[in-house]
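Student: Sequence:
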Amino acid sequence: MGEVLRLWNCSEVCSFPLLRPTVLQLSKHSKHVANSELSKKESKFMGHSLHGSYEAVQAILQKMQDAGFKPNSSSITSVLQAVTELCFLKHGKEIHSFVLRNGLDDYDVYVGTSLVDMYVKNNCLSSAQNVFINMKNKNIFAWNSLISGYSFKGLFEDAERLLDSIGEEGIKPNLVTWNGLVSGYAMWGRHKEALSTIHRIKSSGLTPNVVSWTALISGCSQNENYADSLKFFIQMQEECIRANSATISILLKACAGLSLLHKGEEIHCLCIRKGFVEDIFVATGLINMYSKSGKFKSAHEVFRKIKNKTLASWNCMIMAFATYGFGKEAISLFDEMRGAGVQPDAITFTALLSGCKNSGLVDEGWKLFDSMSTDYNIAPTIEHFSCMVDLLGRASYLDEAWDFIQTMPLKPDATIWGAFLASCRIHKNLAFAEIAAKNLFKLEPHNPANYVLMMNLYSMSNRWDDVERLKDLMKNAGVKNGLVWSWIQIDQAIHMFSAEGKPHTDAGKIYFELYHLVHEMKKLGYEPDISCVHQNIDEVEKKKLLLSHTEKLAITFGLMNRKSGEPIRVIKNTRVCSDCHTAAKYMSLVRKCEIFMKDGIRFHHFREGECTCNDCW
DNA sequence: CTAGGGTTAG
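The first sequence runs 1 to 617 under the numbering used here.
Pairs of lysine-lysine, DSS-like flavour, derived with a Cα cap of 27 angstroms:
{"#": "1", "residue 1": "K543", "residue 2": "K509"}
{"#": "2", "residue 1": "K231", "residue 2": "K192"}
{"#": "3", "residue 1": "K442", "residue 2": "K480"}
{"#": "4", "residue 1": "K592", "residue 2": "K543"}
{"#": "5", "residue 1": "K263", "residue 2": "K231"}
{"#": "6", "residue 1": "K428", "residue 2": "K411"}
{"#": "7", "residue 1": "K297", "residue 2": "K328"}
{"#": "8", "residue 1": "K328", "residue 2": "K307"}
{"#": "9", "residue 1": "K592", "residue 2": "K297"}
{"#": "10", "residue 1": "K471", "residue 2": "K542"}
{"#": "11", "residue 1": "K442", "residue 2": "K471"}
{"#": "12", "residue 1": "K523", "residue 2": "K542"}
{"#": "13", "residue 1": "K475", "residue 2": "K442"}
{"#": "14", "residue 1": "K563", "residue 2": "K522"}
{"#": "15", "residue 1": "K475", "residue 2": "K428"}
{"#": "16", "residue 1": "K307", "residue 2": "K274"}
{"#": "17", "residue 1": "K542", "residue 2": "K475"}
{"#": "18", "residue 1": "K309", "residue 2": "K297"}
{"#": "19", "residue 1": "K202", "residue 2": "K231"}
{"#": "20", "residue 1": "K367", "residue 2": "K411"}
{"#": "21", "residue 1": "K480", "residue 2": "K543"}
{"#": "22", "residue 1": "K480", "residue 2": "K438"}
{"#": "23", "residue 1": "K523", "residue 2": "K509"}
{"#": "24", "residue 1": "K295", "residue 2": "K592"}
{"#": "25", "residue 1": "K138", "residue 2": "K202"}
The set of hints was computed from the structure by calculation and includes no laboratory data.
Please build the complete structure, drawing on both the sequences and the hints.
Tutor: As structure tokens, then:
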């Protein structure tokens, strides 16, 4: 940045067309680059030079004016492009008024289009529309910019209206126009409309391309609708549209979200064949996919092979270490990252702090939390505060966590109280838990998880009146315990276990096996934790009920069907109960088998009677 | 000068 600033301040910059000399000085390749042929990278560089030195830019603009230079539309356009890409609305507005002040025509096709685009990308639709309306000659680019602007804001009536009126100007919508609409619909969770827009592309005589389909698939992914992502990917292949690395990176995200390890591995093979592994987005997606599907080793391998690691790939790997309870390793990877000259961001610290909390590294956590603002000038966000509450609370420093909440500069939200409540449950502190719950019931009255945690605490202390009171509270607030399910993949089939749905076809055999298993587990010291049952029934009934928990059934089924040496991978949609957590540890011990479980909150890796979460979850 | 891509979170 220092060097750029110096360039901006030197006087020879002042020859027009605006800014070109600077770009030429910055450009490594050519001294004869025409302004209109600036590469994206160079425009970005210009943007960087604008950043933080806007006063200098203004001074130069003034100087140029005084010297009688006139900027032309192409120079204005390249500045606007840079400003747009970096989302410097303030600077964009300045340039707009500079254009007006200096008698440049802001209705010029090029200037107009880049102004529309700048306002659209900076969330100023009304200004974009004003410029648009005043443009004398509108080309398809201006239309597309505005239509996608409305579409991304979810204003589909306006977007469709614009689409209809394109024709009146004698212009035909192109694929980009349509793709903007597809993308908007998909992003807003309106997959049906997105898909029907793809069909509309066909009826307009064009052929939907990989971008159209990728937009649809990406929208599903963004809405955590991973199953549809995969469904539409198949549909895309049926239409003979080839995936590119962008499509693949989204698919990897979908596989990660569903912990579909086998599908992810398949895609990895495809990536190697097609050379997509070279793409940094794909590589990062692979790390994430392996990390979330329980194959830490593969995640690490992919990471080590990346030649030009980006901040995101470092972050992703630090998070993987954190997830698997390798807090110290996460921190040394952070040191390695800094050694490589990569500056951390807020996400890096979320990952690091979460690594500390999963490994109980309280001192290291404090150090990192402090160094964020002092050494890296990154203001801690609510997530970082929440991590700290979690870190302190889990390590049994409940009083410190309480003080931390009282003194933090941000208003504690549900994540803060949620972290505190979870710690109270672990350390069985009912008094603190009740305060946390009171806040949580106010902040998110419809989240069943909070009620369940509290019931857990009350039933531990045999306070059945309070359990009933909470059940009534839930009922009155209209909170329903969502469906609870666990599943496991055996060969190509997914086996679902749900308390509400149909029992598994092999239910009899599974229960038979489970009884045997529990018998063996008890020999090694397993004791059913009946506090997980919130009904006031007798002990034998409670123990029976515990056996029907979906995760136990899924693991048992996995043990019955696994190939020797293969770990078991179970996915559950809600937080694992503490009895099932203990049971899984004993199961891994008895059957000498690694068990991987992804629950609604985090990842557990059971091995030889231990879990990577260190019993805090 | 216009369209699609990765990372955190109780």
